[in-house]
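What follows is the residue order along each chain.
There are 2 protein chains.
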Amino acid sequence: MLSKQQIKIIRSLHLKKNRKQSGLFVCEGAKILHELLHSSLQINKIYALNSWITENRQFLSDENIFQQVTEKELEQISELSTPNEVLAIAVIPENKIPEIKGLSIGLESIRDPGNLGTIIRIADWYGLTDIFCTEDCADAYNSKVVQASMGSLFRVRVHYADLKEFLSNCTVPKYAAALEGSLNLHEYKDFKGRGVLVIGNESNGLSTEILDICDVKLHIPRFGQAESLNAAVATGIFLDAMRR
Amino acid sequence: MLSKQQIKIIRSLHLKKNRKQSGLFVCEGAKILHELLHSSLQINKIYALNSWITENRQFLSDENIFQQVTEKELEQISELSTPNEVLAIAVIPENKIPEIKGLSIGLESIRDPGNLGTIIRIADWYGLTDIFCTEDCADAYNSKVVQASMGSLFRVRVHYADLKEFLSNCTVPKYAAALEGSLNLHEYKDFKGRGVLVIGNESNGLSTEILDICDVKLHIPRFGQAESLNAAVATGIFLDAMRR
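Quick mapping for you: the protein sequence lines, in order, are chains U and H. Those letters in the first sequence? Residues 8 to 251, by this note's numbering. Those letters in the second sequence? Residues 8 to 251, by this note's numbering.
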């Protein structure tokens, strides 16, 4: 049975400040747990229905790591509208900012958790291992980001840094997703499989400060009337072009 | 002042069956209203704060079309967590299924309203005017779709049809977004600016039934480990390739 204190601690992790303080985050659902169990991340505790434990006991080396809960208890600790079998508490990895040699992404002020999660998943699809975010981007360990990333968060490192400083020190080319008037992505053929793709907030685009540091400014040509593309969709189109 | 009956009618439109019956839908927020006012859609009524009316009176030909409401009343009829100045009731256009000559999209079982809205916006960006959906796709006039489409819904026609029958009768090439093992999108150079891009549900992909009708099966090459791409992101990457 879950104690009131346990419930309180788990629920507190739905807030960023408590995740920062404890270094822990919440991860929910059978599908994402499967990815978590096969990742290098350290799991602190797993709260699961009996059905999940029976099916997954073979993957759990340490019997003390899981605790059986009832559906009602799962509801009490879950942030999902329909809790799904299992919830885990895992340790937020401490990532050192690496030297970038291949492809990576820089994000400025991407505040929507769904967008950030989708971008992490796209990065994983295209084989990127690092994303650099300004501090005002959504928190990668927010439960909505964890869900939207579909497990890719356990393979892609998300760094929060002074993006301007990071880009200034970067030795690979920096490609800005910019507005019309810049180079046409369809005509640019000079990607060499390395560099940082820099994506801005979809309402405001990239700040002049960040744009100025970028070596190449490119835009996705528009054939119709929509004012803009969703930031995650734009990231997908750019990375696909860069991997061609 | 809004009557109880008015509030009841407006709120009823948050359900698909009531939208179907009345032929009306709800549209919220200053930004989307701006697009609605500049579209060909027929507006039935606008409920707005005084601030919005003062600013937009010049665009409203008919004084009877709007009604001033208080912030509290707007909260009562809004589906947004933070209601934004104005809410309109507009008429769902009746679109005849056109003959496809250029580029269009076919969607099978895209149930997530956010994904459908984002796909409508991408279609608008790439200059498409028609999307064909199976009946089990999200309803295009669901408020979440309306919000996510950012006004593109007023320029792109969304048809609900028997997709299999529609594709069978189509004279343009049909391109399926398929799995690895099909042709590589990066190597395919034979798009001729016309055809139907057919996208499936992201958990299950396209059904064999639909895949069998398609002329060309293509996949987005994967360089990393993510299991799949979000359906809207895949649509963006495909359309960008088809417009190259």
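Treat the hints as calculated values from the structure; they're not laboratory data. Hints are supplied without guarantee of correctness; some may be wrong.
Since the list can't tell identical chains apart, any single copy or any two copies may satisfy a pair.
What the hints assert, rightly or not - Listed below are the simulated DSBU-like cross-link pairs for lysine-lysine, each with C-alpha atoms no more than 35 Å apart in a straight line:
#1 103 to 23
#2 11 to 79
#3 11 to 196
#4 79 to 108
#5 23 to 38
#6 224 to 196
#7 23 to 196
#8 171 to 11
#9 224 to 38
#10 79 to 171
#11 79 to 199
#12 224 to 103
#13 79 to 103
#14 38 to 103
#15 151 to 27
#16 108 to 199
#17 199 to 224
#18 52 to 196
#19 151 to 224
#20 199 to 15
#21 79 to 151
Checked hints:
With identical chains, the CA atoms of residue 103 and residue 23 are at most 35 Å apart within one copy only, with a shortest distance of 20 Å there and 50 Å across copies. In this homomeric assembly, residue 11 and residue 79 come within 35 Å of each other (Cα to Cα) only inside a single copy, at 13 Å, whereas the closest approach across copies is 37 Å. In this assembly of identical chains, the alpha carbons of residue 11 and residue 196 never lie at most 35 Å apart, being 59 Å within a copy and 61 Å across copies at closest. For the identical chains of this complex, residue 79 and residue 108 are neighbours neither inside a copy (49 Å) nor across copies (55 Å), given an alpha-carbon limit of 35 Å.
Taking the shortest alpha-carbon separations for residue 23 and residue 38, both the intra-copy value of 23 Å and the inter-copy value of 30 Å come in at or below 35 Å. Proximity of residue 224 to residue 196 under the C-alpha cut-off of 35 Å is found in both arrangements, the shortest distances being 13 Å within a copy and 26 Å between copies. In this assembly of identical chains, the alpha carbons of residue 23 and residue 196 never lie at most 35 Å apart, being 41 Å within a copy and 47 Å across copies at closest. Proximity of residue 171 to residue 11 under the C-alpha cut-off of 35 Å is found in neither arrangement, the shortest distances being 45 Å within a copy and 54 Å between copies.
In this assembly of identical chains, the alpha carbons of residue 224 and residue 38 lie at most 35 Å apart only when taken from different copies (28 Å versus 38 Å within one copy). Taking the shortest alpha-carbon separations for residue 79 and residue 171, neither the intra-copy value of 47 Å nor the inter-copy value of 43 Å comes in at or below 35 Å. With identical chains, the CA atoms of residue 79 and residue 199 are never at most 35 Å apart, being 53 Å at best within one copy and 56 Å at best between copies. Taking identical chains as interchangeable, the C-alpha atoms of residue 224 and residue 103 lie at most 35 Å apart only when both belong to the same chain, with a minimum of 28 Å there against 42 Å between chains.
Taking the shortest Cα distances, residue 79 and residue 103 never come within 35 Å of each other, neither inside one copy (40 Å) nor across copies (49 Å). In this homomeric assembly, residue 38 and residue 103 come within 35 Å of each other (Cα to Cα) only inside a single copy, at 28 Å, whereas the closest approach across copies is 41 Å. Taking the shortest alpha-carbon separations for residue 151 and residue 27, both the intra-copy value of 16 Å and the inter-copy value of 32 Å come in at or below 35 Å. Taking identical chains as interchangeable, the C-alpha atoms of residue 108 and residue 199 lie at most 35 Å apart only when both belong to the same chain, with a minimum of 11 Å there against 37 Å between chains.
In this assembly of identical chains, the alpha carbons of residue 199 and residue 224 lie at most 35 Å apart whether taken from the same copy (16 Å) or from different copies (28 Å). Taking the closest pair of Cα atoms, residue 52 and residue 196 never come within 35 Å of each other, the shortest separation being 48 Å inside a single copy and 51 Å across copies. Taking the closest pair of Cα atoms, residue 151 and residue 224 come within 35 Å of each other both inside a single copy (31 Å) and across two copies (33 Å). Proximity of residue 199 and residue 15 under a CA criterion of 35 Å is satisfied in neither setting, with 50 Å inside one chain copy and 59 Å between copies.
With identical chains, the CA atoms of residue 79 and residue 151 are at most 35 Å apart both within one copy (22 Å) and between copies (30 Å).
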